[in-house]
Each structure stands twice: as C-alpha cells, then as structure tokens.
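Student: Sequence:
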Amino acid sequence: MLAQNEVWQRAQAYWQGLAERERGLLKALAAVLLIWLAYQVMWAPPQQALKQAEQRLTQVQNQWHWLNDQAPKVQTLKKDSQPNLTQSQWMAELQKSLRDQNLLPQAESIKPINQGVQVQFNQVDAPRFFRWLSALESRNLIADKLQIEPLETGIIKVTLSFKVLS
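If you're matching positions, the sequence shown starts at 521 in my numbering and goes up one per residue.
If you are wondering where the hints come from, they were derived from the structure by calculation, not from laboratory data.
Please note: incorrect hints may appear among the correct ones.
With a straight-line Cα cutoff of 25 angstroms, these simulated DSS-like cross-link-like pairs (lysine-lysine) come out [stated by the list, open to error]:
1) Lys683 - Lys665
2) Lys631 - Lys616
3) Lys593 - Lys631
4) Lys665 - Lys631
5) Lys677 - Lys631
6) Lys665 - Lys593
7) Lys677 - Lys616
8) Lys683 - Lys593
9) Lys616 - Lys665
10) Lys665 - Lys677
11) Lys571 - Lys616
My request is simple: use the sequences and hints to build the entire structure.
Tutor: Quick look at the structure:
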C-alpha cells in the first residue's frame with residue numbers, strides 16, 4: 521500500500537512539474553489512445569466478424585446456386601440411367617445383392633410399397649451397409665429415399681426405398 525501511495529505521489533509531482541502545454545498534449549494523447557483502444561476492443565472485432573460472415577454468406581449462396589443448377593441434371597441422369605425394373609425384379613435384385621454382401625440376415629424387411637420397394641435394417645454395420653449401397657449405385661440401382669439413424673459407433677438403423685419406374 522505504501523509503495524502504491526509513493527508511486528501515486530511521484531506521478532502527481534511529475535504532473536505538476538509539467539508545463540500547461542505539455543499537460544494539454546498528454547491529455548490529448550491519452551484521449552486519442554483511449555479512443556483507439558475502444559475501437560480495437562469494441563468496434564473492430566464485430567466488424568471483422570461481420571465481414572467474415574458476409575464472405576461466408578456469399579460463398580454459401582454461390583454453392584447453393586451451383587447446387588440448384590445441378591439438381592435438374594442429376595434428375596435427368598437418374599431417370600436416364602436407372603434400369604426400368606418391375607417391383608418383383610427390384611425385390612429379386614435387392615435380395616441377391618444383400619445375399620452377395622452377406623447382409624440379408626441383418627435386413628429387417630424387404631417389402632413392396634406404393635411405387636417401389638423398401639428395405640429396412642434395425643441394426644446394421646455401417647461400413648458393410650455403405651459398401652452394399654455403393655455396389656448398388658455402381659450398377660445404377662439408386663435409392664430414392666434414405667433415412668439413417670446412428671445407434672452407436674459403426675452401427676446404424678436404416679430405411680431406404682427404391683422407386684419403380686413405370
């Protein structure tokens with residue numbers, strides 16, 4: 521405490537020893553430093569964050585526009601490349617591919633639905649499932665809808681459906 525009082529007294533003595541002009545210049549310098557510090561602490565970070573957010577928004581909008589441009593092309597390719605199979609052919613093809621990948625015992629159900637075939641797994645090894653799905657896609661057998669729910673590491677619950685083209 522004594523050292524702090526001593527420092528304060530020395531500072532006051534130094535201040536009193538300065539000429540009025542020097543004190544005015546130091547006050548002006550202190551005001552400028554205070555304004556600069558306030559700018560650096562309160563204004564610059566939000567402005568920088570705003571600038572980054574605007575850049576990210578522009579980037580995401582560009583990706584969105586590109587994606588929207590690609591969607592019709594993908595739909596056209598999907599319709600053109602997917603084999604025209606009947607519901608029973610779809611079921612036979614899916615059962616064969618599940619048997620080939622040794623996933624048929626894990627399949628909860630393979631059933632015909634309104635305009636397609638639905639395959640459901642209540643618990644399946646994720647890497648094996650995705651290998652099977654990739655093998656189907658390589659043969660242009662592409663799922664119309666896919667719903668995945670993680671159960672634990674490497675184990676998922678899956679429902680997917682394939683649309684029968686008429």
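Student: State for each hint whether it applies.
Tutor: Now the hints, each set against the structure:
1. Lys683 - Lys665: This hinted pair holds, its Cα atoms lying about 9 angstroms apart.
2. Lys631 - Lys616: holds (14 angstroms)
3. Lys593 - Lys631: violated (30 angstroms)
4. Lys665 - Lys631: holds (15 angstroms)
5. Lys677 - Lys631: Judged against 25 angstroms, a Cα distance of about 17 angstroms means the pair holds.
6. Lys665 - Lys593: Within the cut-off at roughly 18 angstroms; holds.
7. Lys677 - Lys616: Judged against 25 angstroms, a Cα distance of about 21 angstroms means the pair holds.
8. Lys683 - Lys593: holds (18 angstroms)
9. Lys616 - Lys665: Holds, because 20 angstroms separates the two Cα atoms, which is no more than 25 angstroms.
10. Lys665 - Lys677: With a Cα-Cα distance of about 14 angstroms, the restraint between Lys665 and Lys677 holds, given a limit of 25 angstroms.
11. Lys571 - Lys616: violated (55 angstroms)
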